[in-house]
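Next come the chains, spelled out residue by residue.
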Amino acid sequence: MTETEANALVARHADVFHRPLMERLRGVLIIGAIAFYMVFAWWLFAVGQVLSGGNWDIAGSYLADWVSYEVRPDIEYDGDALDVSFPRFSPLGSNPKPEWLTTETAMVERRRASAATEASTGGETSGAGFLGSLDTKTDGSDGGDFLGPAAPSDNTAESPATAPIDIENTAAAEPVVMREESVVNADVSFGGNTRISVRPGFVTVTHKGETLELDIAEGSAVNARGPLPDWANQRAPGAKVIVRFGFAGRAEIEDDEVKARRRFLGWENFFFDTRSPYWGKSANEVMGTIFFGERIEASRSNLSLAWSNFVNNADWQHGDVWLKLLQTIVMAFAGTVLASLLAFPLAFVAARNIMPNRLLNQVLKRFFDFLRSVDMLIWALFFTRAFGPGPLAGISAIFFTDTGTFGKLYSESLENIDDKQREGVRSVGASPSSVQRYGVVPQVLPVFLSQSLYFWESNTRSATIIGAVGAGGIGLKLWEAMRTNQDWENVAYMVMLILLVVFVFDNISNVLRQRLIGKQS
Amino acid sequence: MTATTHSPLLSEAGQAVERHWRELAGRRRLYTIGGIVFMVLAMSGSLWFANESNAGKFFDRLPYLFDFVGQMLPRDGWEIWRALFDLPSPYDDGSLKYNYPDGRIYFTETLYLPEYFYKMLETINIALVSTLIGFGLGFILCFLAASNLTTQRWLRFFVRRFMELLRAFPEIVIAGFFLAVLTIGAVPAIIAVSIHTIGALGKMFFEVVENADMKAEEGLRASGANWVERVWFSIVPQVMPNFLSYALLRLEINVRASTIIGAVGGGGIGEALRLSISRTHEAKTLAIILLLFCTIVAVDQFSAWLRGRLVGKQAFEFGRGG
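Keeping their order, the protein sequence lines are chains S and R. What the first sequence shows, in my numbering, is residues 1 to 521, in sequence order. What the second sequence shows, in my numbering, is residues 1001 to 1322, in sequence order.
One or more of the hints may lead you astray.
In silico DMTMM-like cross-links for lysine to aspartate or glutamate, where the CA-CA straight-line distance does not exceed 25 Å [said to hold, decoys possible]:
| no. | chain 1 | residue 1 | chain 2 | residue 2 |
| --- | --- | --- | --- | --- |
| 1 | S | K97 | S | D15 |
| 2 | S | K259 | S | E70 |
| 3 | S | K259 | S | D74 |
| 4 | R | K1057 | S | D320 |
| 5 | S | K408 | R | D1076 |
| 6 | S | K97 | S | D74 |
| 7 | R | K1215 | S | D74 |
| 8 | S | K97 | S | D320 |
| 9 | R | K1057 | S | D15 |
| 10 | R | K1097 | R | D1076 |
| 11 | S | K208 | S | D57 |
| 12 | S | K281 | S | D255 |
No lab work stands behind these hints, which were simulated from the structure alone.
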């Protein structure tokens, strides 16, 4: 193209090449305004502050909780010995012996503070469970198999800081020293080459080919030999050391105990909780017991026992979750059907071309707007107060909101009908009600049904949300599970059930709608 | 049946048609009756179940419903306006119920914004920010999901499933998660509503893109434009009015959604409403309901007007993707 040609082209289409300034700048201005608004919103909601103040460490472990669980053994130092304990509701049952935690035992002398000195030296032995279980033993065997007041030289591993106090205590109240089989070495494996080895006064952590050695001065300080690797950190010299192994878990090495947090993929005890006789058995064993085994409980069959154990699983509450899910489904279904039934006659009255009374049309249309615009949330809160928490409140909320929505939609489609059909029916002398029945309803019924089906599916979703404010169903259960911050795996389970239900209903509603109105985009 | 008496008048073929029609009508009637019986059974079962599992039974609670409506009436009509505009109440006894002026947001010594107006603005801003974020990300994703612009099946499949997941994932869970990680307030609500909006808008956008006229795209392709140029200069100008009107529809839905999320800890007017209803502060409750009602009507009207200007009198499927 030569220059003259180009100039001719520009001259011919001047409106394309020389647009007004405002038109050219419009895009830039709009983007600028949006950017400015976003900055304003950032300031208004203090987004930066909120995001930086967020507890992102916890976010990671909450997310991991969705698909995994932690087992949390605590290893306490006690002089020459160690005490390994699990929390009360451990996923491994009441007395776990996991294979990733290996212990060595030996006969060691253990000093027990007797009841009188407990008050003065209670600070260094912090584990309440340990004190509770062993105190009774020492009290009962007072004067039995104890070896008499021990000289300080007997306690070779006693830290020098506490030794002088103990001498005073020996004089005052006779601490109890006994020889017993105790754990002297505990090894926690975190998979691969990652492990923590705990000995009295000394902890070794191996991870990613690096070894961290820590000296523990019991009750006073944790000190690393050499620099800390990047997966470990310590807030202040002598304070506890936290080591992180990514998904496999983490551990806190404190001056009185090592708290290990070993994470496993999967949902623990999904079928049977630890109190069930089926707990910890493989699927084959469970099947075998159910169908061929002897009755575990004489009063009922193994199958019914298994079912009741499963449904009443304390960790997962399958029965309750399903019941609540059913409530949500019922809320959406009953609310949508009732709203459709009420909106159907009202829409005929509201439609201009069917009911010639202008006043009545307007009154009903404003009534629909009112029902629709008073939000579903308001109706839900209102009916929760009136009926008490539960699906009745949810049904009523959906019913009220959707009567408005359906009334509006139905009357709009009634106003758009083809009049010829109606004229035809009227021309053969049909009564007014027959004109509606044969001239109008066949045209609009598929549209009505398709709109109702569409809302049935979307109401299933809304019912979940309004459930959380007290209108019953799975929403409330979900909200309670989230509030505890412990049961994220239960949240994941419920979310999966909800997604499944929404997916199934979405497909049913799509198939039915396509059959009703034919394949339309 | 009258038809049988007329049948001798019909020819052989006519009788066959008549018989066939009768069969069809009979089957149809059977389906209709079956459907109605099924619906009646399902409905009565549902209602029975709902009533059984509710905290209060329907007929026991019904009288209380009207009592409760009575309780919702304030001591006099002016109380609603006082609560709405944070004016001092003559009944003020120091309790939370009548402390209207406490919530004022002062700009200057005398000029203030009433508490509920501020909270309503907060909720509207949550909805607006979420719609903008959802619009931006949905805009980017939709072209990757459209079959006329993205030829890689796996990419399309992945993007579509991803958007479906964002859309179907319960907002309440996202909000709950970020409420636990961040603090109680607007940011978790924004995140939750935005994530849902990305999925919902992305789905509607890619359907619009798939219906776009491809001639302009062909022209650009012939002159050697790359993918981004083709999308930006041929598709975007065509689909933008539709995109904007869908985004406006979404804004209406998001105002409601952010109110609900607010009620479970996301701040804004929803939280104020939940508190005042549960504490039976009737004047405050009615003031909030009035404000919310007017706002929703105003937003709906504004968006309908703007959509009318953008795409003309084009019918929209109401609340799609909600």
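Self-check item: Indices of hints not satisfied (ascending)
Solution: Of the numbered hints, 1, 5, 7, 8, 9, 12 do not hold.
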